[in-house]
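Asks: Below, each chain spelled out in residue letters.
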Amino acid sequence: MKTLNDYIEKLNKLNFKGMYNSDFFLTWEKSDDELEALFTIADALRFMRENNISTKVFESGLGVSLFRDNSTRTRFSFTSASKLLGLEVQDLDEGKSQVAHGETVRETSNMISFMADVIGIRDDMYIGKGNAYMREVSDAVKQGNKDGILEQRPTLVNLQCDIDHPTQSMADMLHIIHEFGGVENLKGKKIAMSWAYSPSYGKPLSVPQGIVGLMTRMGMDVVLAHPDGYEIMSDVEEVAKANAAKSGGSFTKTNSMEEAFRDADIVYPKSWAPFVAMEKRTELYGNGDFDGIKALEKELLAQNAEHKDWACTEEMMKLTKAGKATYMHCLPADITGVSCEEGEVDASVFDRYRIPLYKQASYKPYIIAAMILLSKFENPQATLKTLEKVAKQRKFD
Amino acid sequence: MKTLNDYIEKLNKLNFKGMYNSDFFLTWEKSDDELEALFTIADALRFMRENNISTKVFESGLGVSLFRDNSTRTRFSFTSASKLLGLEVQDLDEGKSQVAHGETVRETSNMISFMADVIGIRDDMYIGKGNAYMREVSDAVKQGNKDGILEQRPTLVNLQCDIDHPTQSMADMLHIIHEFGGVENLKGKKIAMSWAYSPSYGKPLSVPQGIVGLMTRMGMDVVLAHPDGYEIMSDVEEVAKANAAKSGGSFTKTNSMEEAFRDADIVYPKSWAPFVAMEKRTELYGNGDFDGIKALEKELLAQNAEHKDWACTEEMMKLTKAGKATYMHCLPADITGVSCEEGEVDASVFDRYRIPLYKQASYKPYIIAAMILLSKFENPQATLKTLEKVAKQRKFD
Amino acid sequence: MKTLNDYIEKLNKLNFKGMYNSDFFLTWEKSDDELEALFTIADALRFMRENNISTKVFESGLGVSLFRDNSTRTRFSFTSASKLLGLEVQDLDEGKSQVAHGETVRETSNMISFMADVIGIRDDMYIGKGNAYMREVSDAVKQGNKDGILEQRPTLVNLQCDIDHPTQSMADMLHIIHEFGGVENLKGKKIAMSWAYSPSYGKPLSVPQGIVGLMTRMGMDVVLAHPDGYEIMSDVEEVAKANAAKSGGSFTKTNSMEEAFRDADIVYPKSWAPFVAMEKRTELYGNGDFDGIKALEKELLAQNAEHKDWACTEEMMKLTKAGKATYMHCLPADITGVSCEEGEVDASVFDRYRIPLYKQASYKPYIIAAMILLSKFENPQATLKTLEKVAKQRKFD
Numbered sequence: 000m001k002t003l004n005d006y007i008e009k010l011n012k013l014n015f016k017g018m019y020n021s022d023f024f025l026t027w028e029k030s031d032d033e034l035e036a037l038f039t040i041a042d043a044l045r046f047m048r049e050n051n052i053s054t055k056v057f058e059s060g061l062g063v064s065l066f067r068d069n070s071t072r073t074r075f076s077f078t079s080a081s082k083l084l085g086l087e088v089q090d091l092d093e094g095k096s097q098v099a100h101g102e103t104v105r106e107t108s109n110m111i112s113f114m115a116d117v118i119g120i121r122d123d124m125y126i127g128k129g130n131a132y133m134r135e136v137s138d139a140v141k142q143g144n145k146d147g148i149l150e151q152r153p154t155l156v157n158l159q160c161d162i163d164h165p166t167q168s169m170a171d172m173l174h175i176i177h178e179f180g181g182v183e184n185l186k187g188k189k190i191a192m193s194w195a196y197s198p199s200y201g202k203p204l205s206v207p208q209g210i211v212g213l214m215t216r217m218g219m220d221v222v223l224a225h226p227d228g229y230e231i232m233s234d235v236e237e238v239a240k241a242n243a244a245k246s247g248g249s250f251t252k253t254n255s256m257e258e259a260f261r262d263a264d265i266v267y268p269k270s271w272a273p274f275v276a277m278e279k280r281t282e283l284y285g286n287g288d289f290d291g292i293k294a295l296e297k298e299l300l301a302q303n304a305e306h307k308d309w310a311c312t313e314e315m316m317k318l319t320k321a322g323k324a325t326y327m328h329c330l331p332a333d334i335t336g337v338s339c340e341e342g343e344v345d346a347s348v349f350d351r352y353r354i355p356l357y358k359q360a361s362y363k364p365y366i367i368a369a370m371i372l373l374s375k376f377e378n379p380q381a382t383l384k385t386l387e388k389v390a391k392q393r394k395f396d
Numbered sequence: 000m001k002t003l004n005d006y007i008e009k010l011n012k013l014n015f016k017g018m019y020n021s022d023f024f025l026t027w028e029k030s031d032d033e034l035e036a037l038f039t040i041a042d043a044l045r046f047m048r049e050n051n052i053s054t055k056v057f058e059s060g061l062g063v064s065l066f067r068d069n070s071t072r073t074r075f076s077f078t079s080a081s082k083l084l085g086l087e088v089q090d091l092d093e094g095k096s097q098v099a100h101g102e103t104v105r106e107t108s109n110m111i112s113f114m115a116d117v118i119g120i121r122d123d124m125y126i127g128k129g130n131a132y133m134r135e136v137s138d139a140v141k142q143g144n145k146d147g148i149l150e151q152r153p154t155l156v157n158l159q160c161d162i163d164h165p166t167q168s169m170a171d172m173l174h175i176i177h178e179f180g181g182v183e184n185l186k187g188k189k190i191a192m193s194w195a196y197s198p199s200y201g202k203p204l205s206v207p208q209g210i211v212g213l214m215t216r217m218g219m220d221v222v223l224a225h226p227d228g229y230e231i232m233s234d235v236e237e238v239a240k241a242n243a244a245k246s247g248g249s250f251t252k253t254n255s256m257e258e259a260f261r262d263a264d265i266v267y268p269k270s271w272a273p274f275v276a277m278e279k280r281t282e283l284y285g286n287g288d289f290d291g292i293k294a295l296e297k298e299l300l301a302q303n304a305e306h307k308d309w310a311c312t313e314e315m316m317k318l319t320k321a322g323k324a325t326y327m328h329c330l331p332a333d334i335t336g337v338s339c340e341e342g343e344v345d346a347s348v349f350d351r352y353r354i355p356l357y358k359q360a361s362y363k364p365y366i367i368a369a370m371i372l373l374s375k376f377e378n379p380q381a382t383l384k385t386l387e388k389v390a391k392q393r394k395f396d
Numbered sequence: 000m001k002t003l004n005d006y007i008e009k010l011n012k013l014n015f016k017g018m019y020n021s022d023f024f025l026t027w028e029k030s031d032d033e034l035e036a037l038f039t040i041a042d043a044l045r046f047m048r049e050n051n052i053s054t055k056v057f058e059s060g061l062g063v064s065l066f067r068d069n070s071t072r073t074r075f076s077f078t079s080a081s082k083l084l085g086l087e088v089q090d091l092d093e094g095k096s097q098v099a100h101g102e103t104v105r106e107t108s109n110m111i112s113f114m115a116d117v118i119g120i121r122d123d124m125y126i127g128k129g130n131a132y133m134r135e136v137s138d139a140v141k142q143g144n145k146d147g148i149l150e151q152r153p154t155l156v157n158l159q160c161d162i163d164h165p166t167q168s169m170a171d172m173l174h175i176i177h178e179f180g181g182v183e184n185l186k187g188k189k190i191a192m193s194w195a196y197s198p199s200y201g202k203p204l205s206v207p208q209g210i211v212g213l214m215t216r217m218g219m220d221v222v223l224a225h226p227d228g229y230e231i232m233s234d235v236e237e238v239a240k241a242n243a244a245k246s247g248g249s250f251t252k253t254n255s256m257e258e259a260f261r262d263a264d265i266v267y268p269k270s271w272a273p274f275v276a277m278e279k280r281t282e283l284y285g286n287g288d289f290d291g292i293k294a295l296e297k298e299l300l301a302q303n304a305e306h307k308d309w310a311c312t313e314e315m316m317k318l319t320k321a322g323k324a325t326y327m328h329c330l331p332a333d334i335t336g337v338s339c340e341e342g343e344v345d346a347s348v349f350d351r352y353r354i355p356l357y358k359q360a361s362y363k364p365y366i367i368a369a370m371i372l373l374s375k376f377e378n379p380q381a382t383l384k385t386l387e388k389v390a391k392q393r394k395f396d
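Those sequence lines, one after another, are chains R, D and U.
For what it's worth, numbering that gives the first Met the number 0 labels the leading residue of the first sequence as 0, then goes sequentially.
For what it's worth, numbering that gives the first Met the number 0 labels the leading residue of the second sequence as 0, then goes sequentially.
For what it's worth, numbering that gives the first Met the number 0 labels the leading residue of the third sequence as 0, then goes sequentially.
Since the list gives no way to pick one copy over another, a pair counts as held whenever it fits inside one copy or between any two copies.
Here are the simulated DSSO-like cross-link-like pairs (lysine-lysine), alpha carbons at most 30 angstroms apart as the crow flies:
#1 Lys55 <-> Lys391
#2 Lys55 <-> Lys394
#3 Lys1 <-> Lys141
#4 Lys394 <-> Lys141
#5 Lys394 <-> Lys145
#6 Lys16 <-> Lys391
#7 Lys145 <-> Lys323
#8 Lys384 <-> Lys394
#9 Lys16 <-> Lys384
#10 Lys394 <-> Lys12
#11 Lys202 <-> Lys320
#12 Lys384 <-> Lys55
If you're looking for bench data, these hints aren't it; they were derived computationally from the structure.
Treat the numbers as computed from the prediction; the structure is a model and nothing was measured.
Work the whole structure out from these sequences, hints included.
Replies: Pasting the structure below:
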């Protein structure tokens with residue numbers, strides 16, 4: 000695409016009315032048109048930034064972030080996206096401000112939102128909790144807006160929960176759309192979402208779940224591979240099955256990494272913890288059973304150690320389509336001999352794919368900004384047109 | 000009011016010259032006209048925001064915050080207010096930067112202020128310290144400006160000290176002005192500022208002190224109720240008495256919550272620590288006597304436990320005017336059966352008043368923004384007019 | 000100078016093409032013209048701010064800060080500078096985000112830079128590490144930009160490393176240029192960069208190193224004074240010698256504070272740790288030998304205590320030119336009887352020089368802003384002209 004108008008015309012053909020004034024919790028709650036609109040806006044924002052056209056649609060306003068887990072890249076992506084649109088970020092640091100549950104969630108959600116246009120939350124630590132918490136916050140501010148407490152209704156953006164990691168999977172998808180020269184070229188392509196060994200034990204399930212929940216919509220042949228016992232959330236598997244049936248793709252499971260990699264166009268090897276173990280951990284945590292958690296961790300590490308052969312080695316890569324599948328990772332990866340003794344991927348494989356991997360990550364700020372823009376602006380085509388007409392420079396010339 | 004001009008005309012009738020280039024420490028240091036101007040500016044800013052008119056009066060500049068106590072809502076209010084006017088917030092985190100006393104206060108105050116337009120401080124932990132510290136900072140930057148070190152003089156905003164909590168009491172007042180349909184309707188109304196039981200022991204005195212120090216100016220009948228031994232700072236009682244005499248209202252004290260609630264138009268039941276105990280605590284802290292502090296806390300908790308009947312129950316509410324007094328709280332409240340076993344207020348009472356309570360809190364960012372605007376702009380009427388004329392949208396349309 | 004055009008004309012006479020798209024690591028990597036351009040831009044930005052002309056050259060963008068040591072003044076200077084140009088600051092807090100070495104530096108540097116225009120780093124704790132780390136980050140983002148990962152290339156600003164502290168020394172220099180009425184008046188002036196006793200043991204070497212590495216370029220007679228055993232990095236001494244030879248000034252060393260102060264026009268008495276001790280400390284730290292570090296600290300404190308007579312007393316000041324040398328310090332100083340029992344400077348000396356000392360510090364935000372501007376804008380004269388023509392007010396009028 001060459002002009003902003005190309006993006007606008009594409010938007011004109013899509014029905015994404017449902018995005019206005021909505022939240023972004025799970026990709027499978029959105030229609031195909033809505034996701035395509037989101038990709039289009041993300042590309043348009045990138046196009047504008049690369050052409051030094053300001054995309055500041057807010058003169059003032061806040062983006063509130065809440066990270067219940069350490070984060071560098073998602074934090075910077077959220078800040079970058081907010082600032083790109085003109086919002087200042089105020090972090091709700093629970094260490095400083097004690098956010099609890101129930102009544103307190105409702106109250107705090109309103110108290111931080113008097114001038115908030117968006118709330119981004121990362122809460123991926125406990126099964127059954129993160130997504131539920133986000134919805135609780137969203138309900139509170141929606142009600143606050145209805146009750147006349149909040150002048151505007153802040154949009155909620157899921158920056159990673161126990162179920163999905165939509166800003167990751169959407170950035171991943173936008174990356175391969177560009178790598179393969181268009182979403183239409185993804186049809187019939189084989190992608191292997193595979194477990195891989197890592198010396199750490201409890202990596203979130205939201206990445207593999209997000210990937211199979213999204214990639215199955217594009218007519219791709221999605222293979223989920225993991226050792227026996229490393230099952231993901233069954234609800235998401237059902238989503239993937241239904242998606243595949245609808246899109247004309249497929250969703251299969253295997254306990255063989257080799258089978259998954261064979262003739263794959265794309266591989267996404269990554270460690271995660273078994274869903275049932277994470278459920279158990281959540282229960283232990285709820286009971287304050289910290290000895291139980293320690294025992295569980297030990298058990299999981301031992302279980303992991305039996306599967307050190309699940310690694311994205313040079314030999315494994317040779318199995319893929321022409322030995323040249325696109326290698327993906329959400330980063331940071333556990334690189335054998337670099338960040339750990341034995342890990343998810345060989346150093347030589349990682350090295351060869353570093354540039355596209357970094358590019359993959361570069362889409363996240365634009366995806367987040369597009370989520371905000373689509374929720375806050377009823378007619379984004381008009382918004383983009385006006386921005387182009389005003390033609391304010393991002394960086395003074 | 001319907002147009003911005005209505006606010007401007009109101010301002011034209013008031014004398015608030017003293018606000019320009021001044022700090023906001025205590026409400027009782029300000030004239031009636033000055034407070035009315037502040038309420039008017041706060042309303043005008045809200046009006047403009049609700050009508051999508053940008054109120055960004057700074058292209059760049061800093062709002063510096065210093066919180067010597069945990070804070071969510073005041074932190075977000077200060078950030079919201081700063082951003083509303085175009086200032087970026089930089090927090091002075093003492094954990095990261097060690098602010099001490101004496102020479103260091105003078106130096107640090109200047110070092111953080113080379114481009115600071117406002118400094119907001121919360122320092123409510125020790126009697127005789129917080130307000131004094133704020134004045135020390137203010138003196139330092141005033142002198143720095145005179146000496147040609149600081150190009151501009153940052154305004155100091157008291158975000159809660161040991162004596163007053165002006166951003167809270169002013170927001171509370173603006174709320175009831177709107178609830179009762181105008182400040183003139185508050186004349187003769189009875190407000191009960193009452194102690195209430197909470198399982199925690201050392202809540203700041205600045206809220207009850209701020210309330211009796213401000214509400215007595217509006218011709219209201221202000222009743223301060225608490226168990227024997229829970230006296231507030233006597234200096235503030237003197238302020239309240241003098242205010243009442245001047246405004247034609249009254250200021251009375253009682254050791255009976257029932258008496259205070261009877262026929263009250265407004266009730267504000269809230270826990271606080273006895274002033275003398277807090278003075279003792281400050282002394283113990285000064286001597287580094289941490290065992291003494293622990294003993295004192297234990298003693299205070301035992302004393303509190305004798306007054307669990309001081310609670311805003313449904314029965315108590317029935318005593319109020321038609322059983323329907325406005326219930327106020329600075330939040331978060333200790334709600335019986337919700338946030339604690341026995342607390343300041345019944346869950347059913349709190350629930351019934353939740354919406355107005357949240358609205359009460361929503362005024363704080365506007366109050367803070369009005370404090371900044373009145374101090375930094377000599378002719379705010381002209382400033383508002385120009386903003387309206389420029390008519391830049393807060394949120395792109 | 001009276002008009003912005005004066006600054007622009009001065010810039011027209013200078014060759015500073017090398018600054019565009021470059022980093023600022025060490026002053027001695029920059030040409031005389033480049034440093035003069037930097038001073039000129041800093042003065043121009045100050046002139047504009049003092050005349051209420053907006054210097055916002057970015058509509059959006061990030062300034063990323065990374066402080067590996069506590070910091071108040073440098074943190075605020077970086078935030079002030081960034082905001083002055085329109086950049087929002089996002090701090091990379093390692094406590095929150097674990098920045099390690101090698102592969103991770105490359106990856107993290109790119110991940111935080113998708114929308115970053117500048118990265119400011121303070122890393123002064125370990126010899127041989129800080130400056131090397133900054134260059135590693137810079138190399139990573141330069142490569143990222145070449146590889147098409149980063150749309151723009153963030154500029155790196157050294158906010159203090161193990162070798163130099165260029166934002167400090169440049170601010171110090173700009174201060175004395177103004178104090179002495181022009182850089183030409185510094186020729187032949189004697190400046191004593193002297194060690195002074197402090198009760199703390201390991202103050203960074205970057206200040207004395209930065210001072211002798213910069214001041215020797217202005218034709219000044221630079222005397223480095225310290226007790227035997229408190230040598231600075233020998234590489235920097237070589238830089239100072241070469242500078243002096245070229246500029247027609249001199250660089251001498253002495254173990255007598257009196258000799259350094261005698262007839263000095265400027266004195267800069269300040270504590271630092273011996274270079275060899277800091278090298279040893281870095282080695283111990285690398286080996287995880289924390290007992291060794293403790294023993295070293297004890298040893299250094301004992302060594303320091305032998306030199307309590309190295310203090311900037313009233314008597315010492317009498318030795319200086321007419322008893323009225325300019326007293327400089329990077330602040331905070333250890334003031335005898337104020338911040339410590341025995342320290343670097345007498346309280347009466349410090350008091351007499353407080354105003355110029357604070358002014359000295361006030362240049363830092365402008366120096367940082369000038370570093371950013373010169374690196375991001377190829378033709379800063381045109382940029383300044385346009386800013387003047389647009390004439391947007393910083394603070395609404």
